[in-house]
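Novice: Protein chains in written order, with the numbering used here: chain A, 1 to 370; chain B, 1 to 359; chain C, 1 to 436.
Take the hints with a grain of salt, since some may be wrong.
To be verified - Across the chosen pairs, the derived CB separations fall in these ranges:
(1) C:E136 x B:S62: 32 to 42 Å
(2) A:E73 x B:P122: 55 to 65 Å
(3) B:P119 x C:E239: 50 to 60 Å
(4) A:G306 x C:E31: 43 to 53 Å
(5) B:P122 x A:G343: 21 to 31 Å
(6) C:Q416 x B:P122: 22 to 32 Å
(7) B:S38 x C:K376: 26 to 36 Å
(8) C:E31 x B:L94: 24 to 34 Å
(9) B:S38 x C:N154: 48 to 58 Å
(10) B:P122 x C:K376: 42 to 52 Å
(11) C:K36 x A:L209: 42 to 52 Å
(12) C:L138 x B:S62: 40 to 50 Å
(13) B:H101 x A:L209: 22 to 32 Å
(14) B:S95 x C:K376: 38 to 48 Å
Said to hold, decoys possible - No farther apart than 27 Å at their CA atoms in a straight line, the calculated lysine-lysine pairs in the DSS-like style are these:
(15) C:K238 x A:K46
(16) B:K210 x A:K271
(17) B:K83 x A:K186
(18) B:K210 x C:K376
(19) A:K46 x C:K83
(20) A:K52 x C:K45
(21) A:K271 x B:K139
(22) C:K376 x B:K184
(23) C:K176 x C:K83
(24) A:K186 x A:K271
(25) C:K176 x A:K52
(26) C:K39 x C:K95
As the list claims (entries may be wrong) - Beyond 12 Å from chain A on every Cβ pair, some chain B residues (computed):
(27) N29
(28) K35
(29) L40
(30) G53
(31) T80
(32) D87
(33) S97
(34) D112
(35) E125
(36) H165
(37) I283
(38) P289
(39) I310
(40) R319
Hints are computed from structural coordinates only; laboratory data are not their basis. Just so we're clear, the structure is a prediction, and the values are computed from it rather than from any experiment. Where is the CB? At the ideal position from N, CA and C, for every residue including glycine.
As a plain string of letters, each chain reads:
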Amino acid sequence: MDYENKNPDIAEETVTIPESPISSNEETVSIADSVKTLSPGQMVMKRFFRSKLSMVGLVTLIVLFIFSFIGPELKFLPFIWGETELDKSPGKTVVTEKQISYSYTNPETGEVENHTAISVSVQQLKSNIEAPPSKEHLLGTDAMTYDVFSRLMYGGRISLTIGFVVVILETLLGVLLGGLAGYFGKWVDQLIMRIVDIFYCIPTLPLMLIISFMLDSMGIEDRAKLFVMMALLTLLGWAGTARLVRGQILYLREQEYMMAAEATGLPVWRKIFKHLLPNVMPQLIVTMTLGLGNIILTEATLGYLGLGLPSRYATWGNMINVVSGEHGLKYIQNYPNMWVAPGICIILAVLAFNFIGDGLRDAFDPKSKR
Amino acid sequence: MNASHKNDAPLKSEYLLEVNHLKKYFPLNTNVFGKPASYLRAVDDVSFKVRRGTTVGIVGESGCGKTTMGRTIMRLYDVTSGKVIFDGVDLATLSASQMRHLRPKLQMIFQDPYSSLSPRMPVGEIIGEAVKVHGIVPKSEYKDYILHVMDECGLPSHYFERYPHEFSGGQRQRICIARSLALKPSLIICDEPVSALDVSIQAQIINLLKELQEKQNLTYIFISHDLSVVKHISDEVGVMYLGSMVEYAGTDAIFDAPLHPYTQALLSAVPVPDPDVKMNHKILTGDIPSPADPPSGCKFHTRCEYCTDICKEKTPELREVAPGHFVACHLCDSMSRSENKISGKPKTFRCIPSVRTVQ
Amino acid sequence: MKEKNTEKNTLTHKGKDNSHYISSKELRKIEHENFKTVKTLEKKKRRKNVPESEYLTQMRDPHNIVEFDNLHTYFFTDAGVLKAVNGVSFDIPEKSIVGVVGESGCGKSITSMSLMQLVQAPQGQIVEGSIRFRSEKLIPNGTEPMTKKIIDENGNVKEVPVLDKHGKQRTRPLYKKEERVVDIAKMPVSEMAHIRGREISMIFQEPMTSLNPVFTIGYQLDEVTLLHVPGATRADAKERSLEMLKLVGIAMPERVYSSYPHELSGGMRQRVMIAIAIACNPKLIIADEPTTALDVTIQAQILDLLRELRKKLDSSIMLITHDLGVIAEMADYVVVMYAGRVVEKGTVREIFKESAHPYTIGLQKSKPVVSSKVDKLFSIPGQVPNPINMPTTCYFRDRCDRCIKECDGNYPGMVQLSPTHFVACHLYDKKKEENV
């Protein structure tokens with residue numbers, strides 16, 4: 001059954017068995033290593049930067065960051081104002097027309113005649129309310145004489161900060177609970193997942209409405225409201241992350257390297273922190289990025305409904321709020337400078353985060369061939 | 001099993017591992033209260049012993065429970081019932097933390113070299129992680145020790161800081177071996193360590209395993225579906241079918257005179273890389289039944305060509321028909337032992353060497 | 001002492017390690033070049049109304065079904081150009097089984113993918129060479145009235161015309177076959193669709209994933225007939241499907257016909273895959289590792305089936321596998337590939353009994369055999385080389401134990417040892433001169 005070679009000149013040589021693969025390995029290193037490969041980081045970066053959309057997102061985001069975090073510091077520029085700095089300079093001249101009706105008894109006929117007259121008063125406002133865009137106020141001012149352009153910057157600060165803080169808190173909570181559920185399974189999993197289900201059932205907006213009114217009636221300090229809002233958004237958002245992490249960990253737990261980690265007798269914390277979490281990271285980063293956009297949207301919605309921070313604080317949502325009040329129509333028609341810009345900012349930020357998130361997802365996915 | 005060795009002292013016996021009536025059932029279709037309606041009998045009453053410094057091969061097709069058995073012995077799965085006596089200690093009764101401290105002594109090499117290495121860890125850390133945790137060597141010697149182990153497994157030292165994705169299957173499997181070896185184990189369970197590798201690399205890995213065994217007096221349980229590889233590396237071979245051991249004997253006995261009809265079919269199904277050996281395949285009809293719903297009586301009777309009535313009713317027990325040769329088949333009883341001994345081949349079944357005809 | 005040595009090694013290698021990764025400058029260069037090449041190739045492929053003359057050609061030997069001629073299929077990856085198939089030439093004669101054997105990454109699958117034009121674009125491109133295929137084009141040739149057989153009350157079989165909604169007899173188009181030789185490497189995609197599945201079909205490695213889980217087996221089988229047999233009705237297709245299922249040895253074709261893939265075992269699914277592959281009477285079946293995912297006993301069943309089918313049908317089979325045992329049992333001709341090139345080809349006896357290339361010999365020796373015993377396995381040292389930036393020398397040089405002076409030179413050409421036996425190795429260069 002041995003297929004000895006029939007070619008005579010080969011037969012002699014094939015009998016000698018070469019030295020063990022171990023010693024011969026050194027020489028083959030040369031050819032294997034002559035080939036350059038991509039480092040893992042390089043591969044991710046490469047795939048990320050190849051996608052044009054994620055580049056657009058990244059650039060937009062950097063611009064937004066510079067705009068909102070560095071912009072307000074440039075106080076020396078004439079058009080940079082404080083967040084709640086009032087412009088006391090005399091404002092525009094307002095011409096008010098007033099129709100006056102009066103009755104007049106005609107002395108000749110003795111009849112009572114009803115007349116209308118128009119009284120015109122010309123008045124210069126004491127402070128610069130609702131100013132049109134000018135060199136001093138690039139986007140004009142609002143009803144409180146705050147500079148819209150500057151508030152756009154401050155608004156970005158708060159909106160982005162809320163976004164980041166909430167997403168990070170959400171992720172921490174989600175990873176912790178999802179990780180516990182996924183790793184330990186059984187009743188721990190059951191318990192945590194039922195809590196997650198409950199949090200999924202809570203309708204966000206009505207709850208925010210109620211809490212916002214409660215806070216108002218309790219007279220909570222304005223600044224504290226910011227923290228309450230962050231805490232609330234976190235509480236309402238962690239469930240998704242927890243579900244994702246649990247799913248990932250359930251999947252990773254079945255991978256052979258987790259078996260191997262178990263077989264080599266590693267302690268539990270090490271298995272979780274050194275083996276599981278690093279492998280969940282890519283998905284987490286993607287959801288975090290996509291989540292950021294969502295939080296900014298939620299914040300804007302709340303601000304628009306007047307449920308967010310007090311209107312004194314500039315957030316993009318609050319700035320749009322002008323169109324919702326009783327004079328809403330007036331602002332929509334006459335003062336687009338007040339609400340178009342924050343709207344665009346929100347759209348840009350959300351789009352940017354989504355583009356980056358999508359780009360990252362493709363970049364981290366080892367199967368994506370592009 | 002092995003009745004002749006009953007009198008051995010419990011500690012430091014010649015056997016490193018004794019598996020006694022090991023069972024592993026997975027619950028299926030659990031109802032609302034968590035009570036399973038049925039069980040998947042992945043490992044159903046398996047017993048065997050492993051001598052120190054030898055290799056026991058376990059063969060069988062997919063779904064026969066060989067991998068589950070390996071993992072149950074490792075206590076990666078909890079034991080349903082039975083004993084796993086490793087070096088005098090019953091692993092089945094140990095608590096999780098006791099087991100953790102014992103883990104370095106028994107190690108496992110997995111089938112898929114791609115999924116068994118954590119993708120975000122450099123090679124050096126993969127190999128050395130557990131060494132650090134268990135304090136196998138003093139901290140000062142740590143790096144030298146890892147490099148030494150890597151060298152032994154044929155890994156150049158500059159791989160230390162690279163990531164697994166840069167390597168081919170063979171190199172990765174070497175890393176896996178190094179990871180196990182670094183813990184100075186006495187038993188290594190190799191779960192299909194070469195079936196994901198190319199032929200030329202397979203040979204390297206098998207040679208490496210053999211070499212390491214000689215050098216460090218390692219004991220292997222070698223699980224594989226590839227009969228030729230098992231034959232090459234094992235001293236004793238167990239054949240599994242649907243969770244049970246159907247035949248267990250020395251390698252030569254199994255491969256030269258297989259007694260169980262399943263073993264015979266398995267052997268004749270292996271294609272031989274020689275165009276002149278036209279094989280007379282003894283082709284088994286039908287598929288492997290589901291282990292969740294195994295056939296009654298002898299589990300093999302649905303595919304067996306010699307099946308009789310008794311096979312359908314009574315489960316055959318694993319009995320010693322020749323010294324060291326265990327078979328679970330009713331039909332082996334019916335033939336006379338003397339006949340068996342003289343010819344070395346049973347008369348009831350055709351033996352494999354005679355099946356092949358050289359043209 | 002040894003420890004110290006290794007320590008030193010790490011230090012020296014550390015400096016080297018940084019250069020192990022590609023610099024961003026190189027990356028950009030690679031990307032730029034890839035973009036340029038891929039763009040021109042894709043443009044050429046996307047053209048509309050390609051004249052027939054561009055891809056019609058002639059067979060070198062009229063007895064062949066397929067002739068690969070100096071085929072180059074490259075992948076333009078981030079790390080550089082991966083020459084997956086690098087100058088492969090071999091023939092598939094009529095009614096024969098040609099085994100393509102090699103280790104993973106040797107390009108055997110990519111060769112078959114090129115034949116089906118299934119190489120993943122845009123990175124994967126056939127850059128050079130040709131694949132000549134003897135194809136049969138169907139040309140419309142009148143119509144034929146449709147009839148169906150029914151059994152009347154007396155138990156006689158009667159043929160009755162099939163009527164449509166308006167009471168008119170339905171007709172089916174007739175076609176005549178016109179044989180022509182095409183070059184698949186240059187063929188437009190739209191033309192290729194007629195060849196795929198009908199003239200060349202494929203059996204894949206994973207029976208678990210190659211059937212669509214949401215459709216019944218019957219639906220998936222009928223689809224093939226409906227798509228490729230012009231004028232076939234649902235009833236025709238079902239009849240044909242059941243016939244095919246019977247042919248592949250499925251005991252209860254009716255039941256399998258109406259079941260879903262997940263209800264079948266791996267072996268059954270592979271039988272169904274084979275039934276799908278032969279449903280259109282293809283001239284060539286590409287079997288890409290058809291038994292690798294199956295158990296030994298099931299593998300034996302499937303191999304037996306393939307052998308039987310080959311007697312019944314007049315198809316050729318291109319059997320791709322890494323298992324030498326399967327090749328020895330099944331194939332008539334064997335092609336041994338290594339790193340994208342053919343190193344040896346010949347009849348199965350020549351390859352197994354008179355193997356010439358050190359790689360073929362090593363491959364055979366490194367596989368333990370059930371019927372013989374050796375103390376230590378022969379092993380080919382080293383790793384399969386990464387096919388990016390291949391040297392100009394013989395690719396096997398670094399792993400070969402029989403290197404000679406000439407091996408430092410260019411890649412060896414094919415040397416003919418017998419009318420059917422070819423080898424690419426410098427050891428046989430002398431023979432070439434003698435022959436000349």
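Novice: Confirm or reject each hint.
Specialist: Do the hints match the structure? See the list:
In this structure the hint that E136 of chain C and S62 of chain B lie 32 to 42 Å apart at CB holds, the actual value being about 41 Å. In this structure, E73 of chain A and P122 of chain B break the distance hint of 55 to 65 Å, their C-beta atoms being roughly 42 Å apart. Here the CB-CB span from P119 of chain B to E239 of chain C is close to 51 Å, well matched to the stated 50 to 60 Å. The hint said 43 to 53 Å for the Cβ distance between G306 of chain A and E31 of chain C, and at roughly 51 Å that hint holds.
Hint check: P122 of chain B to G343 of chain A, Cβ distance near 48 Å, so the stated range 21 to 31 Å is violated. Look at Q416 of chain C against P122 of chain B: about 49 Å separates their beta carbons, and that is not inside 22 to 32 Å. Distance hint for S38 of chain B and K376 of chain C: a CB-CB separation of about 48 Å, inconsistent with the stated range 26 to 36 Å. Under the hint 24 to 34 Å, the C-beta atoms of E31 of chain C and L94 of chain B, about 56 Å apart, miss the expected range.
Here the CB-CB span from S38 of chain B to N154 of chain C is close to 54 Å, well matched to the stated 48 to 58 Å. At about 33 Å, the CB distance of P122 of chain B to K376 of chain C disagrees with the hint of 42 to 52 Å. Hint check: K36 of chain C to L209 of chain A, Cβ distance near 59 Å, so the stated range 42 to 52 Å is violated. Between L138 of chain C and S62 of chain B the Cβ separation comes to about 43 Å, which falls inside the hinted range of 40 to 50 Å.
One distance hint, 22 to 32 Å for the beta-carbon pair H101 of chain B and L209 of chain A, is violated here, with the actual separation near 57 Å. The hinted window of 38 to 48 Å between S95 of chain B and K376 of chain C holds, with their beta carbons roughly 43 Å apart. Distance check on the hinted pair: K238 of chain C and K46 of chain A sit about 50 Å apart at the alpha-carbon level, beyond 27 Å; violated. Restraint check for K210 of chain B and K271 of chain A: not satisfied, since their Cα atoms lie roughly 31 Å apart, outside the 27 Å limit.
For the suggested pair K83 of chain B and K186 of chain A, the alpha carbons sit about 26 Å apart, so the restraint of at most 27 Å is met. Between the alpha carbons of K210 of chain B and K376 of chain C the distance comes to roughly 8 Å, so the proposed pair stays at or under 27 Å and holds. The straight-line distance between the Cα atoms of K46 of chain A and K83 of chain C is roughly 22 Å, inside the 27 Å bound, and the hint therefore holds. Distance restraint check for K52 of chain A and K45 of chain C: the Cα-Cα separation of roughly 25 Å lies within the 27 Å cut-off, and the hinted pair is therefore satisfied.
Taking the CA atoms of K271 of chain A and K139 of chain B, the gap is about 21 Å. The hint holds against a cut of 27 Å. For the given pair, K376 of chain C sits about 24 Å from K184 of chain B by alpha-carbon distance, which is consistent with the 27 Å threshold. Between K176 of chain C and K83 of chain C the alpha-carbon distance is near 41 Å, which puts this suggested pair outside the 27 Å criterion. Between the alpha carbons of K186 of chain A and K271 of chain A the distance comes to roughly 18 Å, so the proposed pair stays at or under 27 Å and holds.
A threshold of 27 Å between alpha carbons decides the hint, and for K176 of chain C with K52 of chain A the separation of about 51 Å lies outside it, so the pair is violated. Using a Cα cut-off of 27 Å, the hinted pair K39 of chain C and K95 of chain C is violated, with the two alpha carbons roughly 39 Å apart. No beta-carbon of chain A comes within 12 Å of the beta-carbon of N29 of chain B; the shortest separation is about 17 Å. Taking the minimum C-beta to C-beta distance to chain A, about 15 Å, the non-interface status of K35 of chain B holds against the 12 Å cut.
Taking the minimum C-beta to C-beta distance to chain A, about 16 Å, the non-interface status of L40 of chain B holds against the 12 Å cut. Once the 12 Å rule is applied to beta carbons, G53 of chain B is consistent with being away from chain A; the minimum gap is 20 Å. With a minimum CB-CB distance of about 17 Å to chain A, T80 of chain B clears the 12 Å threshold, and the non-interface call stands. Distance check for D87 of chain B against chain A: the nearest CB is about 16 Å away, which clears 12 Å, and the non-interface claim stands.
Not every C-beta of chain A lies more than 12 Å from that of S97 of chain B, the closest at about 9 Å, which undercuts listing it as non-interface. For D112 of chain B, the requirement that its beta carbon stay farther than 12 Å from each beta carbon of chain A is not met, with the minimum near 6 Å. Distance check on E125 of chain B: its Cβ comes as close as 9 Å (rounded) to a Cβ of chain A, failing to clear the 12 Å threshold; non-interface status is violated. With a least CB separation of 7 Å from chain A, H165 of chain B falls inside the 12 Å interface cut-off, contrary to its annotation.
The claim that I283 of chain B lies off the interface holds: its Cβ sits roughly 21 Å from the closest Cβ of chain A, which is beyond the 12 Å cut-off. Listed as outside the interface, P289 of chain B is consistent with that label: its C-beta sits roughly 25 Å from the nearest C-beta of chain A, beyond the 12 Å cut-off. Every C-beta of chain A lies more than 12 Å from that of I310 of chain B, the closest at about 37 Å, which supports listing it as non-interface. Distance to chain A confirms R319 of chain B as a non-interface residue, since its nearest Cβ pair spans about 32 Å, more than 12 Å.
Consistency with the previously given hints fails for numbers 2, 5, 6, 7, 8, 10, 11, 13, 15, 16, 23, 25, 26, 33, 34, 35, 36, ordered from lowest to highest.
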